[in-house]
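Enquirer: Here the protein sequences come in this chain order: A and B. Per our numbering, the first sequence runs over residues 432 to 786. Per our numbering, the second sequence runs over residues 28 to 827.
For the record, the hints were derived by calculation from the structure and aren't laboratory data. Hints should not be assumed to be uniformly reliable.
[To be verified] Just so you have them, the derived chain B footprint on chain A, three or more residues with Cβ under 8 Å:
#1 457-471
#2 490-502
#3 535-546
#4 567-573
#5 696-707
#6 757-766
[As the list claims (entries may be wrong)] Per label pair, the in silico range of CB-to-CB distance:
#7 A:Ala644 / B:Ser466: 25 to 33 Å
#8 A:Asp782 / B:Thr513: 39 to 47 Å
#9 B:Ser466 / A:Asp782: 41 to 49 Å
#10 B:Asp741 / A:Val471: 43 to 51 Å
#11 B:Trp396 / A:Glu622: 54 to 62 Å
#12 A:Leu605 / B:Ser219: 20 to 28 Å
Where a beta carbon is used, it is the ideal one built from N, C-alpha and C, also for glycine.
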Amino acid sequence: MEPTKTLAAWQSECAKVQSALAEAGVETAADLPTLEEVRVRFLGRKGALTELLKSLKDLPLEDRKACGPQGNALRGSFEAALAAARARLEDAADAASLKKDAVDLTLPALRPPRGRLHPLTTTLDAIAGIFRRLGYSWAEGPQIEDEFHNFSALNIPDDHPARDTQDTFYLQDLPRLLRTHTSNVQIRAMEKSKPPIRIVCPGRVFRHEQIDATHSAVFHQVEGLVIDEGVGFADLKGHLQAFLESLLGSSTKTRFRPSYFPFTEPSTEVDVKCFFCPGSGCPACKHTGWIEILGAGVVNPAVLRAVGWDPEAWSGFAFGIGVERVAMLTHGVRDLRDFYANDLRFLRQFDEDLV
Amino acid sequence: MKISSSWLKTHLEHGLSTAELQALLLKLGFEVAGIERKGPQFSGVVVAKVLAKDKHPNADKLSVCTVDDGAARYSVVCGAPNVAAGQTIAFARIGAVLPGDFKIKKAKLRGVESQGMICSREELGLSKDADGIWVMGEGPSLGADVGSLLGPADDILEVEVTSNRPDCLSHRGLARELAAALGRELKPLSSSVAETLAKTLPVEVEDAAACPFYGGRLIEGVKVGESPAWLKDRLESIGLRPINGVVDATNFVLHDLGQPLHAFDADRLAGGRLIVRRAKAGETFLALDHKSYALPEGLLVIADAEKPVALAGVMGGEESAVTEKTTRVLLEGAYFHPPEVRKSSQKTRLRSDSSYRFERGADPDAAVWAAERAASLILQLGGGQAGPLNGLPKVRVSSGKRIETSAARINSILGAEFSGDEVVGSLKRIAKDFSGDASKFAFTAPSWRHDLATANDLAEEVGRFLGYDRVPYRLSPLTPRAATLTASEAAARRARARLTALGFCEAYNYDLLSEKALAAARLSSEGLPRVLNPLSEDWALLRPSLLPGLLKNAQHNLSHGADAVRLFEVGKAYSRKGGEVVEQWRVAGLLLGPVLDARWQSARAPRAGFPDAKAAVEALLDGAGPLSWEAPGQGQAGTWVCDPVFHPANALRAFAGGQPLASLGWLHPRVARAFDLEREGVVLFELNLERLAAKPAPRAKFRAYSPLPVSRRDLALVVDAALPYGRLEETVRACGVAELQDVLLFDVYEGKGVPEGKKSLAIRLTFGRDDRTLTDAETAGFVQGLVAALKEKLGAELRS
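Excised from the complex, chain A in its bound form (with noise of 0.2 Å):
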């Protein structure tokens, strides 16, 4: 194709449109719609620097080359400038939309109802489940019992305080009593099994005794027996330090005093040393420096015997911890009534995790 066009007057319209272009206001568009009439007259199909940009080919092939990447600039920085333009006014709109659609995001929160765990079961559960981490199944026993599982197996005699009406309760017309303790469970679990065992039972216990702020009738305990082969006083330590540790924290000090079950022989006291005071003394600790958490020993042979079991082959400990007692040093709780008063106000206090 003949060239029609000659060089000097392509860029006289060269700077004509680009001093159309620069007074154009992309930069000013008030608006979209504003903006896209100043593209359409430029750019659009009839547009002046789409028609400019059209009569390159018009040129010679030499001048071709040379006005090309001129024209192409043009429209680069045209488009480029349009594009800013364009983010700038989207830009505004969107933060007007967005600033209509605003709500009161104050406004309390939809809670759908929380359910929590009574302390007592987490407390429980926490110290069942360190046991059973090492290795301790869960056991249960019946809450009402004859004399002879709470009693008599465990090396209680008959003439025994703790069989006195003034600490246990008895049912009417029927050899029955509420259990004492969860010892029961030890011997109900020995008399289905044989030796070796492991077990942890947790569960209610009832005592007759008045309620106030640190008595309580009704309350829980949970109960631990080993019976394996060369089992000893030792072992009784090491387990329940374990625990201890495992419950309070690594650094929990302990101390074994010497005490006194009927079941147990040797038996022993376990105080932990006081952590809401320096070991200075405070009313949590009686001022001792020392609280004691549990109670425990090696099982009487006594006891072995009870349920036909061969004392000289086989030996174990066994240990009862208060669940209440435990959640109240836990948790802070003074009062044992708040546990079954069932109040929302104290049960919100506690998380529905198992621990």
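Start from chain A and add chain B according to the hints.
Expert: Relative to chain A, chain B alone:
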């Protein structure tokens, strides 16, 4: 038990401070519950005389006294109105320290210098309240230290002695324990009675098993009077009230040696003799506590020719008590079989220091030597002549058990590695009767140690003496075992997890309740296990259901400001079946008030109703098999104990896998009224956890789900207003369209546009197949078939 540390030192020179003593006792298994400091807790206070009393120039109520302590004169400001010239007083000089670490310094009081303080008894810690200064009376020489005049200070320890160690229930007993632990010797005990009287009082023992030893000694010509100060001080230091020389002597011996004794006025014993026998029917006994006791037949008593004069081992009688008029004393030293004393004490509700020791087991040998010590003390205090001990039987009661074991066995029980020497050394300190060596020895328990019978008992002794802290910690490789859960516990955990997820808080109620609480819940007490000795009527019965407890909790929470309650409990319910108590794990729940805590969007927070209880029960039964529902009291639903709590028309029994497992419904209006819940809509449920646990849900197995789309069709059906929705759904499902995956009710409407007596139920049907997508024509065919069936069976019309 109160232990005086100065009294303790009369038996053992332990060389320990009170704090060290406390620590040693603890190591041995005796807790010290408290320490009371007695005697002068001050220093620098001297006897002085008030020479003159002048008015304070600047204060009406104060005076300026001139005080002389024999060495110097002081000017002292005093505020007590009773101070007067010529008085002998306790004067705290500058530098004195009064109780409470109060140091006396030179001070100016209203412009006048005071060079010390004139003390009241209260300020010296000698009494709780005092009227003015302590006027000491003539006698003490000026300048003497007031503290020394009052005698030495003493610490009274409240020692807790476990029930297996009655031998430690006295000063000598505890000293003996300490001596063994420390490897020291007790101070010797010397007492002998010059038997200058030939007379005895006849004694007869009818039941030698109940009273293996009874000794009586006659003392004549006794002059009964006030005890000397040292004896009164001893008794008062441990909180006892001195009575007279004879009674005080027996009380002293009880707390000194641990042996309870009793002194009778021999002239007041009818027939001049004693019989140890069983109480006869209808006998009464006037005890030393001035109360008369009707004695149950068969209790062991000491009687004269006419009537009981003492309840054996528990308490003597008022009518034969030693008084100031007594001249002839019969001193009893006996050993009673512990269960006898325990029975007597229990049946008469009479307790004493004597019964406390006898029922735990006294030292049979001490009945002789302790009574001897008391006799010599009585003679020493009140003169007189003592006869010989008239003891029955003449032979000694046998001593403790013989235990054969070895150091290796002891170490195996303890899991310790104590040397043979240590083990043997510890045990030899307890028993003189010891033979053999570490590899095999025989130990015979002394007569006071009833608690030593087995190798385990000796292991405890060794552990205590050598220290539990020396036993290592061992987590030995025991037989490995799987830790399992019981079925009921596994079910309880699932129930707790599901109910807390539904927003229920867990409650713990007592298992015992009152007849009244039961009646309020319309439950019958008939045939319920009943407590023989309840704390009160509120605790008379074992609960047959968990619902009364939850109702009480709802009432409590409402009256304390709650407006929404969701509570559940996992616990046992009780019933009687023949001669047995049946206890059963249950889960129960209660709901009332708004479902959501969202009052400002009330549309989203409806009040809890039956469907909420249904949701809870469905959640609990999820996995237990196909569910169905029936009204209680009918057919397979049967009658349950808890049924009367529910609204009779608005309650259901839930079945899973064909078994009735739970009850749920609205609260009966009468129960609502009884619990002040009538303004609330209360729904509840109770579930038999054990039945659920018996068939645990199998472990979930993955099933492939279809990636293909499903087809949904909504239908509005006009049916009789009385038709339960359940019938509609059943009818739809009964058509057996395999492609029908779900039926969902999304609207219930009565009113404009629906004929009178009719209602519109709108349901959404979901159809689908796993292998291919359904065509519209297929789905339309299913719907057509269902609509036809509904029309035929229920008269349902499509709503136009």
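Enquirer: Among the hints numbered above, which are violated by the structure, and what are their numbers in rising order?
Expert: Hints 1, 2, 6, 7, 8, 9, 11 and 12 contradicted; others consistent.
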